[in-house]
Every structure is written in C-alpha cells, then in structure tokens.
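Asks: Here is how the chains run, residue by residue.
There are 2 protein chains.
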Amino acid sequence: MTFARVQRLKDVLARRQPDLTVLTDFVNKPHNIAAIQRTCDAVGVHELHIALDQGAFRQARMTSGGTYRWVPVIQHFSSVDAASHLRGQGFKLVAAQWSERAIAYDHYDFTQPTALIMGAEKQGVSPELTEMADEHLMIPMQGMAASFNVSVAAAIMLNEARLQRERAGCYQRSHLDPETFEKTLFRWLQP
Amino acid sequence: MTFARVQRLKDVLARRQPDLTVLTDFVNKPHNIAAIQRTCDAVGVHELHIALDQGAFRQARMTSGGTYRWVPVIQHFSSVDAASHLRGQGFKLVAAQWSERAIAYDHYDFTQPTALIMGAEKQGVSPELTEMADEHLMIPMQGMAASFNVSVAAAIMLNEARLQRERAGCYQRSHLDPETFEKTLFRWLQP
Ligand SMILES: C[S@@+](CC[C@H](N)C(=O)[O-])C[C@H]1O[C@@H](n2cnc3c(N)ncnc32)[C@H](O)[C@@H]1O
Ligand SMILES: C[S@@+](CC[C@H](N)C(=O)[O-])C[C@H]1O[C@@H](n2cnc3c(N)ncnc32)[C@H](O)[C@@H]1O
Numbered sequence: 002m003t004f005a006r007v008q009r010l011k012d013v014l015a016r017r018q019p020d021l022t023v024l025t026d027f028v029n030k031p032h033n034i035a036a037i038q039r040t041c042d043a044v045g046v047h048e049l050h051i052a053l054d055q056g057a058f059r060q061a062r063m064t065s066g067g068t069y070r071w072v073p074v075i076q077h078f079s080s081v082d083a084a085s086h087l088r089g090q091g092f093k094l095v096a097a098q099w100s101e102r103a104i105a106y107d108h109y110d111f112t113q114p115t116a117l118i119m120g121a122e123k124q125g126v127s128p129e130l131t132e133m134a135d136e137h138l139m140i141p142m143q144g145m146a147a148s149f150n151v152s153v154a155a156a157i158m159l160n161e162a163r164l165q166r167e168r169a170g171c172y173q174r175s176h177l178d179p180e181t182f183e184k185t186l187f188r189w190l191q192p
Numbered sequence: 002m003t004f005a006r007v008q009r010l011k012d013v014l015a016r017r018q019p020d021l022t023v024l025t026d027f028v029n030k031p032h033n034i035a036a037i038q039r040t041c042d043a044v045g046v047h048e049l050h051i052a053l054d055q056g057a058f059r060q061a062r063m064t065s066g067g068t069y070r071w072v073p074v075i076q077h078f079s080s081v082d083a084a085s086h087l088r089g090q091g092f093k094l095v096a097a098q099w100s101e102r103a104i105a106y107d108h109y110d111f112t113q114p115t116a117l118i119m120g121a122e123k124q125g126v127s128p129e130l131t132e133m134a135d136e137h138l139m140i141p142m143q144g145m146a147a148s149f150n151v152s153v154a155a156a157i158m159l160n161e162a163r164l165q166r167e168r169a170g171c172y173q174r175s176h177l178d179p180e181t182f183e184k185t186l187f188r189w190l191q192p
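Just so you know, the sequences run in chain order A and B.
One rule links them: number in this note's numbering = place in the first sequence (from 1) + 1.
One rule links them: number in this note's numbering = place in the second sequence (from 1) + 1.
Hints were generated in silico from the structure; no laboratory data involved.
Please note: incorrect hints may appear among the correct ones.
Any copy, or any two copies together, can satisfy a pair, since identical chains are not distinguished.
Stated by the list, open to error - Below, a list of computed lysine-lysine pairs in the DSS-like style, where the Cα atoms sit at most 30 Å apart:
{"hint": "1", "residue 1": "K123", "residue 2": "K30"}
{"hint": "2", "residue 1": "K30", "residue 2": "K93"}
{"hint": "3", "residue 1": "K11", "residue 2": "K184"}
Build out the structure end to end from the sequences listed, making use of the hints.
Replies: Encoded structure:
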C-alpha cells in the first residue's frame with residue numbers, strides 16, 4: 002500500500018455522496034446488479050440498497066466481484082420496508098418508472114437527497130413502491146422496445162445526477178461524517 | 002396486425018438515424034451486446050456493427066432475443082475492416098476510450114455522422130482502432146473503478162446523442178432512403 006494509494010482512497014471517499022442512493026426493487030440478474038453497483042461507485046453513491054430474497058442475493062454478491070469493496074450493499078427482504086427506512090433517513094423516493102405522473106429524468110433536481118428506485122426486468126417497479134414514490138422519472142425513447150435494460154436506465158439517470166452534482170460543487174467538499182469516513186477508509190485499506 | 006401497429010412501425014422507422022451507429026470491438030458477453038442493441042433501438046440506430054469471431058457471435062445472437070428484429074446486426078471478423086468500411090461510408094470513427102487525446106463525451110457533436118466504437122471488458126478498444134479513431138471520448142468518473150460496464154458506457158453516450166439529435170430536430174423527418182424504408186418495414190411486418 003503506497004502513500005499515493007492511500008491518498009487516492011481518501012480523495013474518492015471525500016467525493017462520496019451519502020445523500021444519493023439506489024434501491025433495486027427485486028432486480029435479480031447478478032450482471033445487472035454488478036453493473037449498477039459499478040455505476041454507483043463511479044458517481045459517488047456510498048451504499049447500494051437491494052430488495053431481494055436471500056438466495057438470489059447471495060448469488061448476486063458472488064458474481065459482482067470487485068466493486069463490493071467500494072459500494073457496500075444493504076440487503077432488504079421487503080421493498081416497502083427498504084423504502085420506509087430510506088424515507089425515514091430523509092431521502093426522497095424517486096422511481097424510474099413510466100407513468101402518467103412521470104417527468105423526464107433530466108428535469109428532476111438530483112442535488113436533493115434522492116433514493117432512485119429501479120424495477121425488475123419483467124415486473125418493473127412493484128405496485129407498492131410505484132404508489133409510495135414521491136416522483137416518477139422516465140427516459141424518453143425513440144424506438145420499438147418499451148424499456149431499457151435496468152442497469153442502462155440506472156446509468157443514464159445516475160450520470161445525470163453526477164453532472165448536476167458536479168455543477169453544484171458537491172464533489173468539492175467531504176460529506177461523510179468523520180466516523181463513517183474513518184471506518185470506510187479502514188475497510189478499504191484491508192488487503 | 003392492426004392499422005395502429007403498422008402506423009407505429011412506420012413512425013419509428015421515420016425516426017431511424019442511419020448516420021449514427023455503434024461498432025463493438027470484440028465485446029463478447031451476450032448480455033452486454035443485447036443491452037447495447039436495445040439501447041441502439043431506443044435512440045434510433047438503424048444497424049449495429051459487431052466485430053467478433055464466429056462462435057461468440059452466434060451465441061450473442063441467440064441470447065439477445067427480441068431486439069434483433071429492430072436493429073439488424075452487421076457482423077465483421079476484423080475490427081479494422083469494419084472501421085474502414087464505416088469510414089468509407091462517411092462515418093467519423095469515435096472511440097469510447099480514455100486517453101491523452103480524449104474529450105468529454107458531452108463536448109462531442111453527435112449530430113455528425115458517427116460510428117461509436119466500444120471496447121471489450123478486459124482489452125478495451127483494440128490498439129488498431131485506438132489509433133485509427135478520429136476522436137476519443139471519455140465519461141468522467143468520481144469513484145474507484147477505472148471504467149463503466151461497456152453497455153452502460155454505450156448508453157450514456159448514445160443517450161447524449163439522442164438528446165442532441167432531439168434538440169436539432171433529427172427525429173422530425175425521415176432519413177432512410179425510400180427503398181431501405183420499405184424493405185425494413187416489410188421485414189418488421191413479418192410475423
Ligand atoms: C426492463 S425495465 C422494466 C420493464 C417492465 N416490463 C415494466 O413494464 O416496467 C427495468 C427497469 O428499468 C427502468 N427503466 C427502463 N427503461 C426506462 C425508461 N425509459 N424510463 C424510466 N425507467 C426505465 C425502470 O426502473 C424499470 O422498472
Ligand atoms: C470495461 S471497459 C474496458 C476497460 C479496459 N480494461 C480498458 O482498460 O480500456 C469497456 C469499454 O467501455 C467503454 N468505457 C467504459 N468506461 C468508460 C469511460 N469512463 N469513458 C469512456 N469509455 C468508457 C470503453 O469503450 C471501454 O473499452
């Protein structure tokens with residue numbers, strides 16, 4: 002572990018955005034979860050929330066490899082419990098979901114505390130979270146397919162969050178509380 | 002086949018962008034190719050170019066299912082041949098690739114005739130196409146991982162192309178030549 006490496010870990014930690022997170026609503030393909038987790042890392046999401054049943058979760062964890070270190074996963078067995086927990090922490094619940102009340106994702110202000118809810122390949126966002134969500138966001142499409150792959154949709158929205166947060170200077174000062182910062186750094190330093 | 006359905010096929014065809022394409026440079030995971038193809042459809046790419054060896058290609062074709070109908074795949078066994086072919090047709094060769102000469106993807110003018118080159122998970126864009134490319138584009142990252150998943154990176158760039166082309170009115174008039182339009186419609190109408 003070189004000094005430069007430690008410095009890099011600290012710099013990345015100082016850019017983490019604890020008020021931005023993703024909740025996957027029974028998304029079960031391990032490669033999709035892995036891609037979402039990697040994108041989370043790239044835009045500074047500090048923790049990823051996954052609602053999924055136990056067996057599927059274990060498999061996802063095994064496949065996703067490398068990025069588990071950088072973006073810890075908080076596991077939930079119920080989407081509603083997960084969403085209530087996040088709302089209790091001050092997050093706005095924002096579902097990636099076409100609906101009558103959906104607005105274009107780039108008209109949403111991603112500098113707000115935001116938990117982005119992503120739906121599963123077949124079912125989409127569950128009826129409960131569709132109902133609970135404070136906002137619905139959609140990405141315009143020009144083709145025949147009715148939706149993007151879930152990790153693709155998450156990436157388009159999270160990249161917009163990154164752009165808005167860069168413009169707002171959010172990556173320029175540290176947001177983690179000192180204890181979380183030190184604990185995470187300690188974990189990242191483990192071989 | 003209802004009248005409304007035929008009308009929808011025609012509307013989508015009228016939004017196809019024959020001067021925008023993607024060339025995957027030995028990207029071999031079928032689920033990545035499938036996700037890229039689905040994103041191509043959503044932004045109006047008319048044909049997808051894949052450089053890959055034969056066996057891997059056949060597997061990709063089988064997995065990707067639904068969207069093969071909407072976005073035909075042109076197969077190449079050599080990346081350099083594929084790129085030369087596209088350059089010969091008037092496309093600018095634009096590699097998604099971090100390098101000294103890379104510019105941020107959202108500073109590139111995607112209303113130009115553009116073939117976006119995407120690299121493989123391990124190797125990235127091949128040295129030959131890195132060299133041949135007219136431009137290198139990169140997506141800024143704020144985390145530890147050194148790159149996005151390839152279908153995620155393609156989506157972020159293609160979505161920017163869609164935004165720019167929407168603003169420029171490119172989806173408002175038909176761009177396919179009449180013969181291609183009719184032939185494609187005929188193919189889409191097959192059960
Ligand atoms: C494959 S899609 C689900 C499609 C599902 N059959 C449905 O009807 O909702 C997986 C998830 O990606 C997100 N997604 C995909 N395309 C989207 C778009 N154009 N706008 C907003 N979210 C999208 C949504 O969260 C969706 O639940
Ligand atoms: C997993 S990455 C390849 C990483 C590879 N190890 C390398 O060193 O290039 C797969 C492809 O996605 C694209 N890509 C991923 N992240 C990107 C980024 N931040 N900017 C531009 N292209 C990116 C590039 O085309 C890359 O070749």
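Asks: For each hint, tell me whether it holds in the structure or not.
Replies: Each hint, compared with the structure:
1. K123 / K30: Both, since 11 Å and 21 Å are each at most 30 Å.
2. K30 / K93: Cα proximity of K30 and K93: one copy only (26 Å, versus 35 Å across).
3. K11 / K184: The answer is within: 12 Å in one copy meets 30 Å, while 57 Å across copies does not.
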